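Number of protein chains: 2
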Amino acid sequence: MKVGALLDELKLDYEVKGVDFGSDEKEKGVKGENYLAICANGRTPTLIDHKNNDFTVWESGAILQYLVDKYDTEGKYAGKTAEEKATVNQWLFFQVSGHSPVQGNLYFSQVYWKNAFGEDAPETVVKRFNNELHRVLSVYEEQLKKQTEKNGASNAWLALDRPTIADFSAFVWLGILSHFGDKLGVDLAKFPHVAKYIQLAESLDSVKEMRKRVQH
Amino acid sequence: MKVGALLDELKLDYEVKGVDFGSDEKEKGVKGENYLAICANGRTPTLIDHKNNDFTVWESGAILQYLVDKYDTEGKYAGKTAEEKATVNQWLFFQVSGHSPVQGNLYFSQVYWKNAFGEDAPETVVKRFNNELHRVLSVYEEQLKKQTEKNGASNAWLALDRPTIADFSAFVWLGILSHFGDKLGVDLAKFPHVAKYIQLAESLDSVKEMRKRVQH
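Top to bottom, those sequences are chains A and B.
If you read the first sequence in the UniProt record's numbering, its first letter stands for residue 1, the second for the next number, and so on.
If you read the second sequence in the UniProt record's numbering, its first letter stands for residue 1, the second for the next number, and so on.
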């Protein structure tokens, strides 16, 4: 979804191929022989660039950076100066290393733990990741509040005054909280700037287009 | 440590200032007013670039990329082409999003859980993060084996045939396993290429220099 939104924003055509999570079946499994041949880590997404001799790269953050490096030569989505780029990348790394592992672990504890370990997730696990997700959301909330004051509500993006790869990374994971907040013990009403930000991102034509093409 | 190693490699002078982890004391706490003013996320590291009007950036991955963008204009440590850069960044993102959160959670479970929650970490927590750390180490092992065959043992770096920012990110966290493997239930003897890689990185003059200057 992160990568699809950027591809649609860059008006680059793409085809989405799904893999089966939790499976090591040869043809379709995320840990199967075929997929491991293109992504040694056996996780999604992986990009194969047919415009560049089928060059292959995995890790969503690296894919986003590759695409802007190659196809956004003006730096609209990556930042135009070393300083803009650094600010964009700061929020991109915050998302992939500080936000998604925490939300991912909380989600796993509520949805998959029992199946994996034969018992409900211990209370302390839920507490640890729920607390940390709330802290992370506070960091987003504070930043988006500042960006609203600085750039106006219609340009309240995470890093700059326009959507960047930091946003294409963040809005997908924050958007999940609109649908699964109850399950994860997160009430987005407590983070009004985050809630508005999700709406802002979903209002982009590129994101609407991506939502038609990329399924969970 | 990641940033210090690169700064020493680039022969850029730096001063290390420590903050107190787990503290919100105004002057020195990682969640104190002074530090939050430069790093909204209240985590380390943060770089203040005195050669560039005190430009400030946090998140280790973003700092490494900023430094090479600004001070490694040949792309020695970042990659010289879009494809080299993408491969370097792929392994950099793998480290910060796939490796360190897992190892960090396992370490927390063994060292801090009892203090945080008044009870030992549940067995399933240790199992979850120990299993995933072993999977991550297998991905490193396989890649380093390939790199050894391709570039020789003395150039068996993670992404390219020379040390890059992906290595400055990875070796620090892998090196921790040389010292705390017992506590984390990891036996590096089962990952011989990873063990050799740690030695290779620690043999760099820049890393030796960094070890003198940066403390835990």
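Note that these hints are calculated values from the structure, not bench results.
All of these numbers come straight from a predicted model, not from anything done at the bench.
There may be inaccurate statements among the hints.
For chains that are exact copies, the list does not tell them apart, and a pair is met inside one copy or across any two.
Cross-link-like lysine-lysine pairs, in silico, DSS-like; alpha carbons within 25 Å at most [stated by the list, open to error]:
hint, residue 1, residue 2
1, K146, K114
2, K190, K31
3, K183, K70
4, K51, K190
5, K196, K28
6, K31, K127
7, K183, K127
8, K196, K183
9, K114, K127
10, K208, K31
ask   = Failing hints, ascending?
value = 1, 3, 4, 5 and 10
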